[in-house]
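For the sequence shown, our numbering assigns the number 20 to the initial residue and increments by one for each residue that follows.
Quick caveat, the hints were computed from the structure, so don't treat them as lab data. Remember, predicted model here, so these are calculated numbers, not experimental data. Backbone N, C-alpha and C fix where the C-beta goes; we use that ideal spot for every residue, glycine too. One or more of the hints may lead you astray.
[What the hints assert, rightly or not] For each label pair, taking beta carbons as the anchor points, the in silico distance ranges come out as:
(1) D199 <-> Y599: 29 to 37 Å
(2) I247 <-> S557: 49 to 57 Å
(3) S506 <-> E125: 41 to 49 Å
(4) P211 <-> D77: 37 to 45 Å
(5) N280 <-> A590: 48 to 56 Å
(6) N366 <-> L592: 18 to 26 Å
(7) E632 <-> Y599: 44 to 52 Å
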Amino acid sequence: MNEYRFCISRLMKRFATTALILILLVSGIVYPLMAYHAYNGTFRVIIDFGDGRFVWGDISADNAMNATISLCDNAGIALNYTTYIIGGEEHMFVNSIGGKSNNYPEAWWHFWYYDEKNDTWVYSTVSADSVCLNTSDSICWNYISDYELFVSAPQSPSTPESPEPIICYLGTSTNNRVYDQYTGNDVLHAVPTGAGSIMSSPIAFGDKVVVSTCNKGTYCINLSGEVIWHNWINSTSTPLLYDYLYIGATDGVMYMVDPENGSIVKSVLLTTHGGPVGIVSPPKICDGRIYVPLFNYSGGYGEIVCMQPNMSTIWRVKLPSSPYFSSPCVYDGKIYLGLIGAYDYRNMSYSEPYGVVCLDKNGSMRWFFKTNGSVASSVLVLDNTLYFSCKDGKLYSISTSGKLKWAKNLPSSSVSTPLYFNGRIYVGYGGIGAHGGLVCINASTGREIWTKSIGSVEASPITEKEHVLVITNTNESTLYCLDKDGSVLWKHIFYPKNYAISTPIIYKGHIIACTDSGNIYVFGDAKPNVDLCVKRDSENSNVFYITTSVFNETGDLNITLDFGDGTVISAVLSANRTTYKHTYAPGSYQVRLVVEDDEGNIVVKSRKIMVQEEPNIIVVIAASMIAVIVIILIVVLGRKHIVK
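Work out the full structure: start from the sequences and follow the hints.
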């Protein structure tokens with residue numbers, strides 16, 4: 020019923036343009052159905068390549084097509100189009116952008132303009148050179164296939180406000196991502212899910228962060244730590260977003276979910292002849308196709324399913340063994356996937372064959388690269404070279420034709436997906452109960468640059484250009500920030516203490532991380548939580564105990580305490596509580612505490628102290644005697660007056 024409603028609603032919306040679109044695709048001609056008055060405005064032009072890559076810019080031009088040409092010229096992107104003369108006027112038809120050509124019916128370039136009032140993209144029924152919008156309007160090209168042929172197409176998740184909309188650690192089809200910088204390393208929020216384990220990495224878009232748990236469903240929160248929605252889809256794989264959320268469940272069901280409210284739009288049970296299956300690897304979308312690896316719980320072969328965005332199956336093929344955690348890598352018309360082996364549920368182990376499989380986009384196997392251990396790592400591809408780690412204790416570099424380039428021995432086994440940046444490969448190593456850390460390797464030669472022993476690392480390292488962040492899978496999981504030379508810049512030990520295999524992400528300046536405590540942590544730039552307490556000594560009124568307290572800070576703090584009487588203490592400390600004993604002379608004083616954290620946030624606290632002079636004992640006795648004499652005289656004189 021859900022599928023029926025889904026198709027019908029889309030059908031009614033686009034039925035009127037079906038015949039036109041067919042003619043345009045076959046003939047390659049775009050005819051201007053509407054006329055717009057020329058207006059030289061500024062457009063936000065977005066190009067969504069359909070593989071996790073987005074390019075955008077604000078371009079001044081007289082129409083949307085010329086704005087697109089300018090953006091491609093500025094960004095160095097190849098743009099191929101054909102010019103036709105129709106009715107005495109020139110009109111342009113886009114053939115390819117960035118080397119991606121129209122490939123009907125698999126995927127082709129769709130042209131949209133943004134309806135700001137309704138906050139949505141609208142599929143254009145006219146050619147881009149006929150669209151002359153007002154200043155600040157936005158257009159988008161996305162390379163995708165239709166939900167239903169000539170009925171409806173997925174909107175790009177990119178918006179004018181968030182042109183790079185999707186943030187996850189396997190962000191592109193080649194399984195590599197470089198993040199923008201984070202703003203701080205303070206824990207702003209720790210959102211409990213109640214789950215016993217979180218193996219999924221977060222995915223972020225708009226104002227939302229989505230995390231699937233192993234046994235408490237899928238949560239959507241915002242950066243303020245508030246739960247937006249929750250459903251009961253349990254998953255170990257990272258969700259996928261393209262118009263809808265796609266979540267692969269551990270029971271083998273693939274779900275299409277509304278990202279606004281978490282409701283299930285459609286679901287498909289994926290089964291195999293080899294026994295029960297689960298979706299434990301993150302699915303991947305590229306060029307309008309979704310690739311879903313299937314793990315075989317009963318042993319034997321695994322599978323990979325290629326689906327359309329409406330989740331209808333295009334093809335499915337058997338694999339030599341099962342994939343586990345490895346997400347497909349799609350590059351130059353090929354699919355690369357790591358295989359963990361055949362699962363033996365009796366002793367929870369894996370047997371051969373292990374390695375990396377290469378498939379054509381039609382599902383036919385091109386080659387299989389065998390290894391001596393399980394490959395749970397996703398494959399990273401760069402410049403026709405594949406990189407992946409293995410449980411045999413090696414980091415492999417092979418060609419896209421399956422030939423070994425080099426294999427680097429790691430200190431121990433690895434399931435961590437390698438990260439590439441600036442000529443270097445970063446990869447974690449180690450398992451539960453074993454020593455572990457992070458290795459930095461020259462990507463061309465396989466030569467080790469440095470190794471940092473910090474504890475077992477099974478998640479993948481991430482980078483924001485300047486530094487490398489990595490989380491350890493120990494009973495005291497720790498988030499480390501390392502410099503380019505491997506030195507530790509800062510670290511955060513998670514509380515409550517637990518293991519961590521989920522890879523963090525950076526989104527809008529916030530680090531998002533999860534641990535097996537079931538918490539989702541949102542890091543950012545927080546002011547220090549500062550308190551200043553002043554207490555007088557019970558026996559000596561001139562003596563005060565001044566306590567400074569600073570919490571929720573992981574970096575160094577510049578602390579200045581002014582006692583108000585000329586005494587000043589300055590120090591560089593970590594978060595702590597310190598008590599100072601100080602003696603004052605009689606008078607009035609203002610105690611002032613200034614705390615500056617490593618991000619430049621300043622907090623000031625002050626307290627007022629009054630110290631009275633100690634009374635002179637002789638003066639006190641004399642005054643007391645005089646007071647007694649005065650009272651006696653008053654009493655005596657009063658009696659005489661009464662007698663009279």
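Q. Is the gap between the beta carbons of N366 and L592 within 18 to 26 Å?
A. violated, 51 Å
Q) Between S506 and E125, does the C-beta distance stay in 41 to 49 Å? A) Once the Cβ atoms are compared, 48 Å apart, the range 41 to 49 Å for E125 and S506 holds.
Q: Mind checking the hinted window 37 to 45 Å against the Cβ distance between P211 and D77?
A: Distance hint for P211, D77 holds at roughly 41 Å.
Q | Assessment of proposed distance window 44 to 52 Å (beta carbons of E632, Y599) | A | At 23 Å between Cβs, range violated.
Q. Okay, D199 versus Y599 on CB: inside 29 to 37 Å?
A. violated, 42 Å
Q.
48 to 56 Å was suggested as the range; check whether the CB atoms of N280 and A590 agree with it.
A. holds, 51 Å
Q: Return holds or violated for the Cβ distance of I247 and S557 against the range 49 to 57 Å.
A: holds, 52 Å
When held up to the earlier numbered hints, the structure conflicts with 1, 6 and 7 and fits the remainder.
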